[in-house]
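> Use the sequences and the hints to build the structure in full.
Chains A and B, in that order, are what the protein sequence lines are. Everything in the first sequence is counted per my numbering, starting at 1 for the first residue and increasing by one. Everything in the second sequence is counted per my numbering, starting at 402 for the first residue and increasing by one.
Read the hints as simulated data drawn from the structure, not as lab findings. Computed from a predicted model, the values in this text were never measured in an experiment. Each residue gets a CB set at the ideal place from its N, CA and C atoms; glycine is no exception. Watch out, some of these pointers could steer you wrong.
Claimed, not checked - If we take Cβ atoms under 10 Å as the criterion, some of the chain A residues that face chain B in the derived model are:
(1) Glu26
(2) Lys27
(3) Gly29
(4) Leu130
(5) Pro133
(6) Gly318
(7) Ser323
(8) Ala362
(9) Met396
(10) Val399
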Amino acid sequence: MIYFDHAATTPIAPKVLKAMEPYFSEKFGNPSSIYRIGREAKSILEEARKTAADILGAESPMEIVFTSGATESSNLGIKGAMEAAAFETGSRVHVLTTAIEHHSVLDTVKHLEKSFGAETTFLSVTREGLADPKDLSKAIKDNTAVISVMSGNNEMGALQPIEEIAQIIELEKERRKKQGIETPLVFHVDAVQSFAFKKISLKDLPIDMLSLTAHKFYGPKGVGLLYVRQGTKFNSQQKGGAQEKGRRAGTENVPYIVGMVKAMQIADEKRDKYSKKITSFTNYLVEKVTAEIQNVELIGPKSNQSRLPHIATFLFKGVEGESVLLNLDMLDIAASSGSACTSGSLEPSHVTKAMGYDDLSAHGAVRFSLGELNKKSDIDKLMENLPGIIDKLRAMSPVKG
Amino acid sequence: MSDLYGEKVMDHFTNPRNVGVMKDADGVGEVGNPTCGDIMKLYIKVREKNGERIISDISFQTLGCGAAIATSSIVTEMVKGKSLKEAEKISNKAVAEALGGLPPVKMHCSNLAATALLNAIEDYKKNKKGEK
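Right, here's the structure in full:
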């Protein structure tokens with residue numbers, strides 16, 4: 001198999017798997033139990049929390065809430081902060097996000113609008129897929145309680161100007177303090193795709209909440225975390241036990257948490273080297289595709305500084321993404337498509353649409369996301385086949401490619 | 402992805418029958434739904450034989466997913482040599498059945514080949530009227 005879908009998921013690294021192993025059958029205790037193996041599990045859990053906090057530059061380990069993945073983290077963070085703000089102010093609150101967020105954020109915001117009467121704004125983006133901090137600044141209202149912006153987009157790799165946005169939000173917080181506006185303001189960042197490539201130090205960057213999931217950086221699926229800066233108010237969503245200081249009920253998934261934190265350590269250590277390697281692979285892929293195939297467009301930001309290193313999404317004019325993927329799959333090459341046809345809904349991707357591409361062009365999207373499983377020769381093998389596949393599909397198509 | 406589609410769909414997707422433009426077509430039918438990402442164009446040639454009008458040749462062009470390409474391909478096989486009357490009876494559902502079924506989500510968005518055929522027959526009839 002040639003695997004070009006690292007943005008979907010990654011395999012668990014051998015070192016991570018090894019770190020997890022003792023906590024399944026041997027050291028299986030429940031961290032809430034008072035006897036020895038329970039206490040041992042608790043101590044492992046808290047050690048993992050401290051390591052995660054250190055890697056992220058958090059002030060205290062208590063700022064880390066372990067979850068089942070980024071979908072839960074973003075649900076918990078956004079819903080929790082909106083509920084807390086509405087309760088505190090006793091009035092309708094506003095949530096501000098972008099039109100290109102992952103569905104775990106978008107659908108949470110839409111849910112809040114429907115079930116909770118929240119005011120919502122979905123910021124538009126440029127043709128390159130970038131949100132404009134000035135637009136964001138203008139969209140902030142006195143009752144804005146949550147602003148959620150992803151750091152790197154999963155469909156086309158645009159890196160949003162998080163630092164600039166964070167500064168704008170800090171200024172807004174100061175303004176509110178001065179003017180006695182009581183609505184709390186929480187900045188949430190979905191850092192799922194960017195973590196392995198772009199260091200975020202929460203010491204220097206005023207982000208209030210951050211979502212991560214382990215399986216995008218060679219950790220296990222089904223485990224993630226939500227960073228919550230001290231003093232940020234949010235309501236827990238999952239009710240039950242007092243785990244995670246009452247912020248997330250349910251017995252902690254010790255082996256998976258250990259695995260995630262090990263994967264975070266490795267990713268943190270290897271970040272620069274890994275980024276460099278993957279950037280060179282992706283650049284090579286982009287060069288080859290655009291040189292050897294006509295009428296193809298790499299979507300997203302043009303400059304490498306504004307792109308995630310591992311994602312290259314192409315629009316092949318006159319073909320539909322799924323038919324390209326099927327042809328690649330027959331050669332045991334795995335890639336993915338922006339076309340929602342494959343994901344079970346009929347609409348083309350909300351991301352390409354938000355960037356201003358028409359429906360038909362959006363359906364021609366094919367995403368390649370590179371990572372640890374790739375060698376340079378994988379790209380050569382892909383390119384032995386891809387031009388022929390596109391030619392064949394275009395020959396069949398009534399729309400000129 | 403072989404789990405997504407059955408063997409017959411994959412066969413028609415991999416080796417589509419009767420692909421291409423027909424320059425001297427008697428009727429052309431087009432259906433498309435850009436939102437779904439599928440556009441089909443069907444060309445027919447019609448001959449009279451024993452007082453019946455027969456589809457003597459047929460070809461297609463399709464931009465679309467696996468299901469869209471496979472339904473286009475199989476419909477050309479299903480109606481080649483058939484009378485217009487018989488061809489008109491073929492439904493999108495019958496096309497999907499001939500392929501051994503399609504994933505439910507594809508039934509509406511990518512299963513348009515019979516509609517394209519009807520449009521081609523309609524176009525042929527209109528052209529015919531114009532001649533007279």
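> Could you check the structure against the hints above and give me the numbers of any it violates, in ascending order?
Hints 1, 2, 3, 4 and 5 contradicted; others consistent.
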